[in-house]
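Listed here are the chains, written in short residue letters.
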Amino acid sequence: MTELGEAEGAMPDEDKKRAAYRALVDRVLNGEGRASAELRASAFGNAGLPPPLDVLIGKVATTPGQVTDADFAAAQASGFSEDQLFELVVSAAVGQSARLYEAGLAALAEATADEEAG
Amino acid sequence: MRLDILNRGYGPGTKVLFALIRVFSGHPVPDAARLVFYRPGFYGAGAKEFTHEAMRGPSAWSVADRELMAAFVSKVNESAFCVGAHTATAGQAYQDGAKVQAVLADLESAPVEDGLRATLRMLGKLTRDGEVGAGDMRDVLAAGVSPQQVQDALAVCAAFNTTGRLADAFGFELLSPEGYEAGAKYLLKRGYR
Chain A
1 MTELGEAEGA MPDEDKKRAA YRALVDRVLN GEGRASAELR ASAFGNAGLP PPLDVLIGKV
61 ATTPGQVTDA DFAAAQASGF SEDQLFELVV SAAVGQSARL YEAGLAALAE ATADEEAG
Chain B
1 MRLDILNRGY GPGTKVLFAL IRVFSGHPVP DAARLVFYRP GFYGAGAKEF THEAMRGPSA
61 WSVADRELMA AFVSKVNESA FCVGAHTATA GQAYQDGAKV QAVLADLESA PVEDGLRATL
121 RMLGKLTRDG EVGAGDMRDV LAAGVSPQQV QDALAVCAAF NTTGRLADAF GFELLSPEGY
181 EAGAKYLLKR GYR
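Residue numbers (the working numbering), protein chains in the order written: chain A, 1 to 118; chain B, 1 to 193.
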């Protein structure tokens, strides 16, 4: 979370948009929830999840249009409650977006650093 | 929506609010709005705050430009609910629905400024491929876009990569054209908070 997590020298420290995003990420990962923080972190990172939950979460991260009722049914049948799935799906969506946001900010930081150096 | 709690798991006060909105607006509350009322401490409150800041907070981009970015990112994600909602909102904000349709149909030939076109191109690549490089950003900056504008566009991109994923995963019900137009009017008047 380097770009999102720290104020960068080349950018204004007070980017309220980024601060609001950090707060959202922090709540999803560390706020009170019915799914464990460890599981939410795995959904956020789309890594290390047990089957069949990994199928649902993988689709949310990469091909959300392909999520089906059956994906939710399978995850529920494996013991997850609706509230836990709500949290894990949200974690996955926020996680993928956070990676895009961070990748964009990192590329921008590199481009502007080059400009200043050149 | 796919989870029953998202259809029925609201407190009595929220249910009354949904009923009132339905009566006064003539439309049921869209699933996008319902979702942020479900256990708002977990997601909804923070999501509204961030989305409002990205879409309506201070920026050199106009509200119309940001709504167009939201529609464009949603198009790349093939998120039908969000494409409908933000195509309508951008169209009303520009007072030019044809311009929005042209961008969604073919960005390269659409009648928009080079800076906006370059920014949309970069957001499309980031959303589709999951990555962009310094070279992509240099192209955007060379088109006259400031670094702060790039950051602001990335915030819009993050907001709608989140919302679009939830719309598709939870299966938001699509609206009629009138429903999207009514929602757009609300979003331009009140924002996302």
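Heads up, a few of these hints could be off.
[Unchecked claim] Cβ pair distances, simulated, as ranges:
no.: 1; chain 1: A; residue 1: 113; chain 2: B; residue 2: 14; range: 33 to 41 Å
no.: 2; chain 1: B; residue 1: 113; chain 2: A; residue 2: 54; range: 40 to 48 Å
no.: 3; chain 1: B; residue 1: 17; chain 2: A; residue 2: 113; range: 45 to 53 Å
no.: 4; chain 1: A; residue 1: 31; chain 2: B; residue 2: 109; range: 41 to 49 Å
Simulated from the structure, these hints should not be mistaken for lab results. Yeah, the Cβ is synthetic: ideal placement off N, Cα and C, and Gly gets one too.
(request) Mind checking the hinted window 40 to 48 Å against the Cβ distance between residue 113 of chain B and residue 54 of chain A? (result) holds, 43 Å
(request) Look at the Cβ atoms of residue 113 of chain A and residue 14 of chain B and judge whether their distance stays inside 33 to 41 Å. (result) violated, 47 Å
(request) Using the Cβ atoms, figure out if residue 17 of chain B sits within 45 to 53 Å of residue 113 of chain A. (result) holds, 48 Å
(message) Range first: 41 to 49 Å. Now tell me if the beta carbons of residue 31 of chain A and residue 109 of chain B are that far apart.
(response) Taking Cβ atoms as reference, residue 31 of chain A and residue 109 of chain B lie about 46 Å apart, which means the hint holds.
Going through the hint list in order, the structure does not satisfy hint 1, though it satisfies all others.
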